[in-house]
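Hey, can you work out the whole structure from these sequences and the hints?
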Amino acid sequence: MTAFIDRWGAMVVDATIATFQMVTISLIFSILIGLPLGVLLVVTRNQVGASRLSYRALNVVINTIRSIPFIILLFALLPFTRFLVGTSMGVKGVIVPLVIFTSPFLARLMESALLEVDRGVIEAYQAMGIKPIAIIWHVMIREAKPSIILGITIAVIGLIGATAMAGLVGAGGLGDVAYRFGHVRYQPEVMYVTIVILVIIIQLIQTLGNTLSEKAKKD
Amino acid sequence: MIELKQVSKTYETKRQAQVLALNDVSLKVKKGEIFGVIGYSGAGKSTLIRCVNHLEKPTSGDVFIEGVNLSEKSKEELRQIRQGLGMIFQGFNLLKTATVYDNIAIPLRLTGLDKETIVKRVNKYLSIVGLKDKKSVFPNQLSGGQKQRVAIARALAHEPKVLLSDEATSALDPGTTDQILDLLLKINAELGITILLITHEMHVIQKICDRVAVMENGEIIEQGNVVDIYTDAKHETTKRFVESIFPSKTPIQIIRDLQNRGPIIDLTFVGEVAESPSLSVLSKKFDIHTNILSGNIVQLKNQPFGRLRAHIEGEEKDTSAAIAYLKEQGVLVSEVTDDDSIY
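These protein sequence lines are chains A and B, in that order.
Just so you know, we're using the working numbering here: the first sequence kicks off at 1 and counts up by one.
Just so you know, we're using the working numbering here: the second sequence kicks off at 1001 and counts up by one.
All the pointers check out, no bait thrown in.
Distance ranges between label pairs, derived from CB positions:
#, chain 1, residue 1, chain 2, residue 2, range
1, A, Glu116, B, Gln1141, 19 to 29 Å
2, B, Thr1337, A, Arg52, 51 to 61 Å
3, B, Ile1221, A, Ser67, 54 to 64 Å
4, A, Arg52, B, Asn1069, 24 to 34 Å
5, A, Val85, B, Ser1041, 54 to 64 Å
Keeping only pairs whose Cα atoms sit at most 25 Å apart, straight-line, the calculated BS3-like set for lysine-lysine is:
#, chain 1, residue 1, chain 2, residue 2
6, B, Lys1135, A, Lys218
7, B, Lys1096, A, Lys217
8, B, Lys1120, A, Lys131
No lab work stands behind these hints, which were simulated from the structure alone.
Quick reminder that beta carbons are idealized off the backbone N, C-alpha and C, glycines included.
Structure, rendered in structure tokens:
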């Protein structure tokens, strides 16, 4: 046990931190992109004219990106990533593909959360002469908060899964450690430890998500 | 106050078919009155009330609020106008995630009122609807009637001139319905707010409305004072609504039997006449016997209204003298024939 910690401890801790970094940074950007996209999907749905076109276009774009597995997206985006952040390697290099991978997924989750909001409440606020932008924030997003939190929880877990591939561009992380040391160099104990850590993290995140969502429900 | 001029609304459905929800509807709601629109579901009532505050834009025709033509207004101006038109709904439409207090305060804040005014308004209107002690409760902990009270307070807190009610009592039980109707009467009387409501319950019309319009297939088929509609409904649908309050079906066999021994008459009383004992006077004054088949007396908003179906047994000359006497007393009398019996 001590021997294991002495030999691998520092590396596993570093890897955990790297995973957290990647997940947190990509999550923030994904919410900033995904939530507005989700709103856009909902407000342009069942509309006529220009809105209808933008809904269809957005739909196609989201479906296209979501058809590509992350490991392929990662390589396909290499030139774009290099152009955007100057490098395609390391944590910095993996954030761009992670955000592009997660945002459309999150947009879909936000869309379904927002669609649950009672149309009648929105209508009541329209009838009171409230600005559309205020209705989006104070009615739609507010009322959908419990589902939005659950949606973000799902996205975080998906993100953690995707970061396992980050090692391929040298970004490290738990998945990378499990693959390189556990599989390639055949040291199964390293793999088992990272699996246990991942399981614990996922359990904690899901529990946290459920609790926060329940709290936001207020009933 | 509110005027609809030849308003029509067609919806395009997905299969390119057109649905005519409103067909050339015109009506005028006077300042300070309670105007009811009644109709079965699918008659176009909901579309009508949504055209009044332009939640739905009419396909043709104009809506005037205090002389202002809404169709000429920009989106931004419409928003401002809507703040002066309160609306309540069948489904209450409250925020689930906000307390009673916040449900009223949030929309006020979003219309740009200052904090002090908001606190004052919320407290004032919560006490008007009788829910001052529920301020920090969430809607899910309230009964249907209480939720509707919160919705009413929310609408009133904007101090509107008009309150639009979209089937506000349809989801409530009869007792709660009456409480909400009493509250609407109070709001109308004490705050002078004009009310336009839509409903499918004649009870609502009877209890609080001054005037009524009956809708069918997107058209207004009859409108007038509630009393006039009760006493003299012209259209079949209107009659059916009135009769929902007076279930006066008499089996046809009984009618035929009784008719051999004297006429069957429907008596309609309005106002004070409804309270006088016309029938018993009748049997004392004339050589006849009266037999009541069915009857009911209800309270309209401003006066009692009664309807009685009775059989008068006696010689022809006595019965016609008796009927003439009733007419003199201000009672509306109509003789029942076989075909009238089946409503």
